[in-house]
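Using the sequences provided together with the hints, build the complete structure.
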Amino acid sequence: DFTSINTAEWVGYIATAVLLTSFAMKQLRTLRIVNSVACLLFVVYGVLLTNAWPIIISNAAIFVINIYYLFLKKNQ
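Each residue of the sequence shown is one higher than the one before, starting from 1201 at the first, in the numbering used here.
In case anyone wonders, no lab produced these hints; they're calculated from the structure.
Built from N, CA and C at the ideal position, the CB exists for glycine as well.
Take every hint as true, because none was put in to throw you off.
Pair by pair, the computed Cβ-Cβ distance ranges are:
hint	residue 1	residue 2	range
1	Thr-1216	Ala-1261	12 to 20 Å
2	Lys-1273	Phe-1223	18 to 26 Å
3	Phe-1271	Val-1247	19 to 27 Å
4	Ala-1224	Ser-1258	16 to 24 Å
5	Trp-1210	Ala-1261	20 to 28 Å
6	Val-1247	Thr-1221	17 to 25 Å
7	Tyr-1268	Thr-1207	27 to 35 Å
8	Thr-1203	Lys-1273	44 to 52 Å
Have a look at this one:
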């Protein structure tokens, strides 16, 4: 029943959908952008789960790596 799903679960489901979508991207830059959105959603999800640190730390780290390759290292 969709009406019984709480906000944290919705964020988790949306993050999962965005993550899976990112892996369908053909262009590496697009993959990194979409994956970064998924990472941010997973960080929010981890916070909503009352600080689920493994989720927060891993996705924050992946986000930083994506940002590095998107904006700091231009030679991909």
